[in-house]
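Let the sequences and hints guide you as you build the complete structure.
Protein sequence lines, in the order shown, are assigned to chains A and B. Here the first sequence stands for residues 81 to 567, numbered as in the working numbering. Here the second sequence stands for residues 70 to 274, numbered as in the working numbering.
FYI, nobody ran anything at the bench for these hints, they're computed from the structure. There may be inaccurate statements among the hints.
[Stated by the list, open to error] Computed Cβ-Cβ distance ranges for the label pairs, DEER-style:
#	chain 1	residue 1	chain 2	residue 2	range
1	B	Ile214	A	Asp536	50 to 60 Å
2	A	Ile475	B	Ser117	20 to 30 Å
3	B	Thr272	A	Ala84	32 to 42 Å
4	B	Pro146	A	Met81	15 to 25 Å
[As the list claims (entries may be wrong)] Residues on chain B that point at chain A, a partial pick, calculated with CB under 8 Å:
#	residue
5	Leu121
6	Pro218
7	Val229
8	Thr230
9	Val233
10	Ile236
11	Ile240
12	Ala244
13	Ile245
14	Asp246
15	Leu247
16	Arg252
17	Thr262
18	Ala269
19	Gly270
20	Ala271
[Said to hold, decoys possible] Footprint (simulated), chain B over chain A, 3 or more residues, beta carbon under 8 Å:
#	stretch
21	188-197
22	200-206
23	226-239
Predicted model only: the values in this text are computed from it and were never measured. Think of the CB as a built atom: it goes at the ideal place given N, C-alpha and C, for glycine as much as any other residue.
Each chain, letter by letter, is given below.
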Amino acid sequence: MSIAILAAVALATGLGTVFLEDRHRSLAFAFGVAGGVAVLGIALVMPPEESLAIGGGGIVGTPLVRSLAVTWSASLLMLALLELGIGARPAVVGPSLIGLSAASIALATSDPASSMAFLAAGGVAGVVIPGLSGWIDGPSSASRLPTTGRGALAILGSGLLALAVIAWSASAAGPLGSGGIFGQDEGSLLGTGLALLVMVAAVAIRCGLIPLHVWAARFMEGVSPLAVPAAFSWGAAAFILIALPSSQVLLGPTAVGDVERLLIIGLSVVSLVLGGLAAMVHDDIEHVLGYSILQDAGIAVLAFASLTPDAAAAARDWLVASATVKTAFAAWAAVVRSTYGGHRLADLGGWARHSPALGIAFAGIIVAAVGLPGTALFEARSDLISGALPGIGPIIALLVALMPLVYLGRIALAGIAPVTTAIAAGPSGRPRRSAGRATGWSEGSRVQAIRLVPADLRANRAPLMALGVVVLAAMALATSIGGAGGS
Amino acid sequence: MTIALVAIILAIGAGAVVAVSTREPAAAAIGLAIALVGSALVADPLPSAAILGVRIVAGLLAATLVRSAVGGSESQPSPLGWPAEAMLATAGAVAGIGVALALEALSGATGLAGGPDSGSEWLTVMALATGAGTSLLVLGAASSIHGRPGMRRAIGLVLVTQAVLLIRVGIAGPAIDLEEIARAALLVATAATGAALARAGATSE
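In C-alpha cells form, the structure reads like this:
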C-alpha cells in the first residue's frame, strides 16, 4: 500500500511542480521540495516487503524498490535544493518526481507489460521538460528543440520496443507457448535470441549507448547537469532493472546463444571503452559526466550476456550505486558551473582550494566511483565483467575501475592547481556572516536573528550548495559500499 | 459481433487517415479522436464499464492535448495526400491481419491451448486488433519521424503508441486492469509530449 501512496504523492507533487513552473516559480519550488520531503518520508517508513493486489495484478514491495525509492528521493530532494540555490527554472524536481513515481510502480508491478508502459509514460517527462526549459533559456541554439524531440522519441520508442518484445514473449506464439511456432529446436532458440537482441536494442536506445548516443550527448549539452540524473542515471537504471528480469523470466538464459552473447558484449565493450576514453579526453565537465554515465550503462548491459541470477543481482547493485554516484557528480558539476561560471578544466584551476567543501565532496565521489575491493560497487562491476568475459574479465575489470580514477583525477588535479583569476573572482566556498548582523546570536534579539536568516542564506549560498554536494557524496559512498541493500 | 468490429476497424483507419492528411487542425484532431476511441472498442466481449471509461477518456484526452497545442495556426497536410495514405493504411491492415492469422494457424498446428483466439470465425478479434495496429503503425511512423515538429508529428507519435498497444493485444491477448491504466497513462503522456513539442515548434517559427 505504501508504494501506491508514494507513487501517488510523487506524481501529484511532480505534476503540480511542472504546472506551476511557468508562472509561479517560488511556489513550484516549494511544492517540489515538499513533495520530495514527503516522498522521502514515505520511502523511509516503507516496509521492505509488502504486496497489494490491484487490477488483476500485484504491486509487490521489495528491498530493491525501497532502496531505489530512498536513494532517488533523497537525491532528488538535494537536487531540488541545489536548483533553488542556483536560481534556475525549476525544471528538475517536477520531472524527477514523476519519473520516481513511474519507476517505483513499474518496479513493484508483477506484470512486465504494465511495468514497461508505466516507465515509458513517466520517463519521457525527464527528457522533455528539462529539454524545453533549456531551449527556452537558450533559444539561440537552434538544435535544442530537435534534440529534445529526438530524446522523446528515444524514450518512447525504447519503451514501445520493449513492450512489443514482452507481448511477443507472452503470446501463444512466443517462447512460453509450449515451444510456440518454432517448436523446441533451433528455430525456437533463434526466435528467443532475436527477441533478446531487440530488448537489448531498446536498452541501448534508452541509455544512449554508443553508437546510439548522439541524442543523449546533444541533450546533455543543452540542459542543466542537475537534469541529467533523472533522465539518464535513474531513468536508465529503472529501465534496465525492468528489462533484465523480464528477459530472464520471459526468454530465459537459453536465449543467450554464442552470437547473441558476442553482439551484446560487443555493444557493451564499445560503450565501455569509447565512453571511458571520451570521458578521459574531454575538458568539458558536462561531457565527462555524460560519457561516464554512458560507460556505466555499458557495464550494466553485460548482465544481458548471461541472464543468470548472479548477473542480475550484480546489475542491481551496480545500477543503484552508479546512479547515486553520478547524481553526486552531476550536482558537483552544476554547483561548480553556477559558482564559478566555467565548465572547462582550463577555467577551473584551484576550484578545490577556493572551496574546500566541494573538494571534500569530490574526493568522496572519486572513492565512491572507483570503489574498493569488498565494496558493493567494485564487486558488482567485477562480477558483471568477469561473468561476461571469463578469463580476461578480471584484468578488464581492473582497467575499467581505473578509468574513473583518470577522468575524475584530471578534475581533481585542476582543483589543487594554483587558483586562477576566474576562480578567485567567484564567491568563496567558506561560510561567512551577512553584513547586516551587528550582534551575535546570544546578544541580539531572537526576532532580529530570524530576520537575518534570509540574508545569511544568501551570503552563504556557495558554501551551502557545497554542503549539499557533500551530502550527496556521502550518499554515493554509502551506496557504493552497500549497493542496492541486499535485494 | 465481427461485423461491428470490422466497422470499428474501418473507422479507426478512416480517422487515422484524416488525422495525418487533412489541412485543418480541427479535422485532424477529430480524426485522431475517432481513431483512438475506436481503438478503445476493439474487444470482444467489451471490457467492464470502468476499463472502457479509462480507455475512452484517455483517447479523448490525448486528442484534446494535441489539438490544444497548435490552435488554428498551423497547417501540416500529408505530402502524399489522403488517397496514398488510405492505400498505405489498407496495406498495413492487410499485412497485420495476415501475420496474425498465420501466427494463429501455426499456434493451432503446434497444438497450443489458448492461442491468440481459438474461436471458430476466421477473422478473429486478435487478427483485427493486429490489423488495426499495423495500419496505425504505417500511418504514424512516417508522420512521427519525418518533417518539422508540429501537430503532424504529435499525431504520428500518438498513432504509433496506439498501434503498439493494439498489436500487443493482438498477439498476446487482453490486458489486465492494471495494464489498462498503464496503457492509458502512456497514451496521454505521449500526447502531452507531442503537444509540448508542437507548441514549442510553433513558438519558434
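Results for each hint:
1. B:Ile214 <-> A:Asp536: 50 to 60 Å: 53 Å Cβ-Cβ, so the 50 to 60 Å window holds.
2. A:Ile475 <-> B:Ser117: 20 to 30 Å: At 59 Å between Cβs, range violated.
3. B:Thr272 <-> A:Ala84: 32 to 42 Å: The hinted range 32 to 42 Å holds for Thr272 of chain B and Ala84 of chain A, with Cβ atoms some 38 Å apart.
4. B:Pro146 <-> A:Met81: 15 to 25 Å: 51 Å, violated
5. Leu121: 14 Å, violated
6. Pro218: 5 Å, holds
7. Val229: Status holds, d = 7 Å.
8. Thr230: OK, holds: Thr230 of chain B within 8 Å of chain A, min 6 Å.
9. Val233: Constraint on Val233 of chain B satisfied, holds at 4 Å.
10. Ile236: OK, holds: Ile236 of chain B within 8 Å of chain A, min 7 Å.
11. Ile240: Result: holds, 4 Å to nearest chain A Cβ.
12. Ala244: Holds: closest Cβ of chain A sits about 7 Å from Ala244 of chain B, inside 8 Å.
13. Ile245: 4 Å, holds
14. Asp246: The hint holds - Asp246 of chain B has a Cβ within 8 Å of chain A, the shortest such distance being about 3 Å.
15. Leu247: 3 Å, holds
16. Arg252: 5 Å, holds
17. Thr262: Hint holds; Thr262 of chain B Cβ to chain A Cβ min 5 Å, cut 8 Å.
18. Ala269: 6 Å, holds
19. Gly270: 7 Å, holds
20. Ala271: Hint on Ala271 of chain B: violated, closest Cβ of chain A at ~11 Å, above 8 Å.
21. 188-197: n = 6 at 8 Å, threshold three: holds.
22. 200-206: holds (count 5)
23. 226-239: holds (count 7)
Checked against the numbered hints listed earlier, the structure breaks hints 2, 4, 5 and 20; every other hint is satisfied.
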